[in-house]
Amino acid sequence: MSVDQATVRRIARLARIAVTDEEVPHLMGELNAMLSFVEQLDEVDVTGVEPMTSVTPMAMKKRADIVTDGGYPETVVANAPMTEDHYFLVPKVVE
Amino acid sequence: MTDLTHMTLADARDALKARTISSVELTKAHLAAMEVARPLGAYVLETPDQALAMAKASDEKIAKGDAGALEGIPLGIKDLYATKGVRTTACSNILANFVPKYESTVSSQLWRDGAVMLGKLSNDEFAMGSSNESSAFGPAVSPWTPPNWTADKAKSALAGDKKGLLVPGGSSGGSASAVAAGLCLGATATDTGGSIRQPAAFTGTAGIKPTYGRCSRWGIVAFASSLDQAGPIARTVRDTAIMLRSMAGHDPKDTTSVDRAVPDYEAAIGRSVKGMKIGIPKEYRVEGMSAEIDALWTKGADMLRAAGAEIVEISLPHTKYALPAYYIVAPAEASSNLARYDGVRYGVRVPGKDITDMYEKTRAAGFGPEVRRRIMIGTYVLSAGYYDAYYVRAQQIRTLIKQDFEKAYAAGVDAVLTPATPSPAFGIGEKSGADPVEMYLNDVFTVTVNMAGLPGLAVPAGLSAEGLPLGLQLIGRPFDEETLFSLGEVIEQAAGRTTLPTRWWA
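Respectively, the protein sequence lines represent chains A and B. Using our numbering, you'd call the opening residue of the first sequence number 1 and step up by one each time. Using our numbering, you'd call the opening residue of the second sequence number 1001 and step up by one each time.
It should be emphasised that the hints constitute simulated quantities derived from the structure, not laboratory data. In this text, all values refer to a predicted model and were calculated from it rather than measured experimentally. Any given hint might turn out to be false.
Here are some chain A residues pointing at chain B (derived, C-beta under 8 Å) [stated by the list, open to error]: (1) Ala-6; (2) Arg-9; (3) Leu-14; (4) Asp-21; (5) Val-24; (6) Pro-25; (7) Phe-37; (8) Ala-59; (9) Ile-66; (10) Val-67; (11) Asn-79; (12) Val-90; (13) Val-94.
With a Cα cut of at most 25 Å, we get these calculated DSS-like pairs of lysine-lysine [said to hold, decoys possible]: (14) Lys-1402/B x Lys-61/A; (15) Lys-62/A x Lys-1361/B; (16) Lys-1361/B x Lys-92/A.
Note that CB positions come from ideal geometry on N, CA and C, so glycine has one too.
Chain A on its own, in the form it takes in the complex (with noise of 0.2 Å):
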């Protein structure tokens, strides 16, 4: 399989990264190079194989439904951007 302009972009805009004219026919060379080396996975004769969920065997470790941490809001917004009254703050998203 292989992509091509339209794909790239419809990936770049799923992957939310911003691509420039210029660079979709350089990524669409690397992203082929990369699916046709991948291509030979096809070879492999897969017929009742479980896909590995997890590559130690180990049942899924549960903890107590209980507060066990937080209260310190302005370490939490310590690192954005942009904060007011320890809210993260974005760009305007309803009308």
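Once you've looked at the hints, dock chain B against the given chain A.
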């Protein structure tokens, strides 16, 4: 007087304990060496004030007879580890101004045991790379000079565009460069596809990627969560064993960390390997492998045989599919993990006309080309209609790769011996062509280990005909790092300690 920056971690520890040196002296010697070595680009941030304060505290503890296992030992920390109050960037512009309010579990355990932080070490951006060339701070340079280069030639290249000088490998290139150049006694690193073992092999140092779950991933910038694992790079196998004991252990904050006692790894050094069965996988004899690497591999097997181990040929039939399957699984997980860099909660923001425009501009400006490429391929293989064909198939192949190893271990194999890399270190700028796959092939021998979650140790095994370091890799059973340390030290002793480069950069 011995050069304090060229001691092994074990010798420094013993000298500190015997009080023949102080941690302040040791730390000052390293800070001075770091200053002179700045053009190598191993450190992206130096923390001298913190280092000296920690060293002073260590000297007081040693005087009181209250020393921890790493008391007073100066270490470098890969910039992927969150360090409280100390800028942590993952060597990406998107985190250029990020100062964590918390400390990673692994580094906090090092400080608990008395280690001293010298600073933060360079890596490929978000640990994506095999040469340290994708770091937003520019490439880190290996202290090994290219074959037939004079010190003057290397020095002038270092002052210029660095082209032709050797890469230290990646992604933990800063860690490997600093350890080999005498800029710390040991360094933390991380390994997703070979990022500890390949740089160790390129620089004549030792590095271990522990079993998945052995070290907590909490507070380490995530790349591909089912593959990422923390580990040390140091000058000897024993030094890595000492560091791993402090780094490993259960952490309730990482649900994949394993609740299992941490052994005294150093006690495995010098243990007899007599009667151990070592597998030589025939599928690792890949097309185009240099005769030199092949010869090194045979030599390594001979060293283990001479120590009483039994060498057997084994088959790991799905080996060739590990690297392509990795280039589906790792980018898929990366595209998901790196979705958090959106210019809202931390990091750099580029304003836009609406929120989507802000996200897109922020991420286009903040991520370098390799990271953008991997996020995009990951987004593609996870997108509607392609998930089963790519991602599910890759995870099925991952199961087959793991089963290959399980069969070998069930047949009585104690460890597997392979080359660590297909070649010695290459030059800066040499593999930055249009085809990204050329760079990826560096990890052909190491990536299987991440896919199967196993421990892997890279040990220096000699020099190439041109005088560059070469490494061998030992792969173990899950949680049997001890066997790797015992075998690794046998190779290290038989090969003779690699003499590290002299300070041509000074």
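- [ ] Hold the hint about Ala-6/A up to the distance rule: shortest CB distance to chain B must be less than 8 Å.
- [x] violated (13 Å)
TODO: Would you settle whether the hint for Val-94/A is holds or violated, based on the nearest Cβ-Cβ distance to chain B being less than 8 Å?
DONE: violated (10 Å)
Task: chain B contact restraint for Val-67/A - C-beta distance below 8 Å - done: violated (15 Å)
Open item on the list: Checking hints one by one. Is Arg-9/A an interface residue toward chain B, by the C-beta closer than 8 Å rule?
Closed with: Hint violated; Arg-9/A Cβ to chain B Cβ min 11 Å, cut 8 Å.
Task: Given hint Ile-66/A near chain B, where the shortest CB pair must fall under 8 Å - done: Because about 13 Å separates Ile-66/A from the closest Cβ in chain B, which is outside the 8 Å limit, the hint is violated.
Task: Status of the Phe-37/A interface restraint (C-beta, 8 Å, chain B) - done: holds (5 Å)
TODO: Would you mind confirming whether the straight-line C-alpha gap from Lys-1361/B to Lys-92/A stays at or under 25 Å?
DONE: Roughly 16 Å separates the two Cα atoms, so the pair holds.
Task: 25 Å Cα cutoff - pair Lys-62/A, Lys-1361/B - done: Roughly 38 Å separates the two Cα atoms, so the pair is violated.
Task: Interface hint status, Leu-14/A versus chain B (Cβ within 8 Å) - done: holds (5 Å)
Open item on the list: Holds or violated: the hint that Asn-79/A contacts chain B, with Cβ atoms closer than 8 Å.
Closed with: This hint holds: Asn-79/A lies near chain B, its Cβ roughly 4 Å from the closest one there, short of 8 Å.
TODO: Closer than 8 Å between Cβ atoms is the bar; does Ala-59/A clear it against chain B? Give me holds or violated.
DONE: Since chain B brings no Cβ nearer than about 10 Å to Ala-59/A, farther than 8 Å, the hint is violated.
Task: Hint validity - Val-90/A Cβ closer than 8 Å to any chain B Cβ - done: holds (5 Å)
Of the numbered hints listed earlier, those contradicted by the structure are 1, 2, 4, 5, 6, 8, 9, 10, 13, 15.
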